[in-house]
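*Asks:* Read off the chains here:
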Amino acid sequence: MAKTLDKRIIGDFTAAGVDFVTSVPCKQLAGTIEVLDQTPAITHVPSNKEDEGMGLCAGAYMGGMRPAIFMQNTALGVVVNTLATLIQFYQIPLPMLISYRGEVGEPVACQVEMALHTKAILNQLHIPTYHFHTLADVEELPGILAHTQMCKKPVAILTDASFWRAAT
Amino acid sequence: MIRNDVLKTLLPIIRDELVVCNIGAPSQELHALDDQPTNFYMLGTMGLSSSIGFGLALAQDKPVISIDGDGSILTNMATLSTIANNPRDNFILLIIDNGSYGSTGDQPTYAGRKTSLAAVATACGCDHVVEVDAAQTAAAVKAALEARKMTIIVSKCDSGNVQVPVIDRNPIVIRERFMEAVKA
Numbered sequence: 001m002a003k004t005l006d007k008r009i010i011g012d013f014t015a016a017g018v019d020f021v022t023s024v025p026c027k028q029l030a031g032t033i034e035v036l037d038q039t040p041a042i043t044h045v046p047s048n049k050e051d052e053g054m055g056l057c058a059g060a061y062m063g064g065m066r067p068a069i070f071m072q073n074t075a076l077g078v079v080v081n082t083l084a085t086l087i088q089f090y091q092i093p094l095p096m097l098i099s100y101r102g103e104v105g106e107p108v109a110c111q112v113e114m115a116l117h118t119k120a121i122l123n124q125l126h127i128p129t130y131h132f133h134t135l136a137d138v139e140e141l142p143g144i145l146a147h148t149q150m151c152k153k154p155v156a157i158l159t160d161a162s163f164w165r166a167a168t
Numbered sequence: 169m170i171r172n173d174v175l176k177t178l179l180p181i182i183r184d185e186l187v188v189c190n191i192g193a194p195s196q197e198l199h200a201l202d203d204q205p206t207n208f209y210m211l212g213t214m215g216l217s218s219s220i221g222f223g224l225a226l227a228q229d230k231p232v233i234s235i236d237g238d239g240s241i242l243t244n245m246a247t248l249s250t251i252a253n254n255p256r257d258n259f260i261l262l263i264i265d266n267g268s269y270g271s272t273g274d275q276p277t278y279a280g281r282k283t284s285l286a287a288v289a290t291a292c293g294c295d296h297v298v299e300v301d302a303a304q305t306a307a308a309v310k311a312a313l314e315a316r317k318m319t320i321i322v323s324k325c326d327s328g329n330v331q332v333p334v335i336d337r338n339p340i341v342i343r344e345r346f347m348e349a350v351k352a
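Those protein sequences? They're chains A and B, same order as listed.
Going by my numbering, the letters in the first sequence line up with residues 1 to 168, in that order.
Going by my numbering, the letters in the second sequence line up with residues 169 to 352, in that order.
Just chain A, same shape as in the assembly (with noise of 0.2 Å):
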């Protein structure tokens, strides 16, 4: 069931003119894909896997929408080439909303393992990083991206477990 949170994150999104999202789902962004399916100004292709769903987006881009991906953090340890070699390489803006599971209040041991790289990853990569760990922080999103679609790079937007559990 969605929540305000999701809502007001799915708004943030649509004023910052994001009309095209594609989604692999997570527990923890199953309520924003759920606005997602409800809101009319956002096309929404869910994809199979990450990497696809960055093609999708690079496309949509070129066509003259303004995607967005939401993903879990597991996803980075799939998408390394596309985001260095398609998104980066050819300067393309890229909002991402990640779930950033594995962090405090996870239930699932394995999901520790990839929270482990992904801030790593990320650094590696020279991704702009953001982490929503209490509710507040989602201030920040309009800024982050418009900032995302200024300097035309992918930018991660981690949302951990306490930020969720927050959530009203």
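A couple of the hints might just be wrong.
Stated by the list, open to error - Stretches of chain A that chain B covers, calculated by requiring three or more beta carbons in the stretch to come under 8 Å of a beta carbon on chain B: (1) 41-47; (2) 86-94; (3) 125-139.
None of these hints come from the bench; they were simulated from the model.
Each residue gets a CB set at the ideal place from its N, CA and C atoms; glycine is no exception.
Given chain A's structure and the hints, the job is docking chain B onto it.
*Replies:* Positioned in the frame of chain A, the structure of chain B alone reads:
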């Protein structure tokens, strides 16, 4: 006929259309044969020609032809289900199926053995899938453009490459030039 021969037959049909071309030899050969601002050359990222082209078709109404290869489709095969379930009649996926990884030394792919990409595309739910011999490829692309029906074309041809230079254009120049052509 090898891929370069197929591309030659396509030139009069695709010259003014939006084309997203697969990494490596396919892009290099197309670039050498007939460089056009309506061509988007992939310089990296194996497997995503289909997805990039499909994203472009979703975003605007002009016809888009993704030229892909059998090896690249095998790398990103699940995208056929994305394409099938979100059909766009301005999208044509042309799979040049030469049964080999052409850019890396013509190692055989499974599509050259038991796997039928046409059957895979059909099983994924693509409604219009045609498999043609290399010599019929241009006619199939022309027919798909005229029908304005989303079509997956599997063109069976021989493996082999021609010697052409790598593309040394700046990727941002390629992208910006292509985006101008999309808007024109």
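*Asks:* Taking 8 Å as the Cβ threshold, is the statement that the stretch 41-47 of chain A is covered by chain B upheld or broken by the three-residue rule?
*Replies:* Check passed, 4 qualifying residues.
*Asks:* Quick check: do three or more residues in the stretch 125-139 of chain A have a beta carbon closer than 8 Å to a beta carbon of chain B?
*Replies:* violated (count 0)
*Asks:* Mind taking a look at whether chain B covers the stretch 86-94 of chain A? Criterion is 3 or more residues with CB to CB distance under 8 Å.
*Replies:* holds (count 5)
When the structure is compared with the earlier hints, a violation turns up for hint 3 alone.
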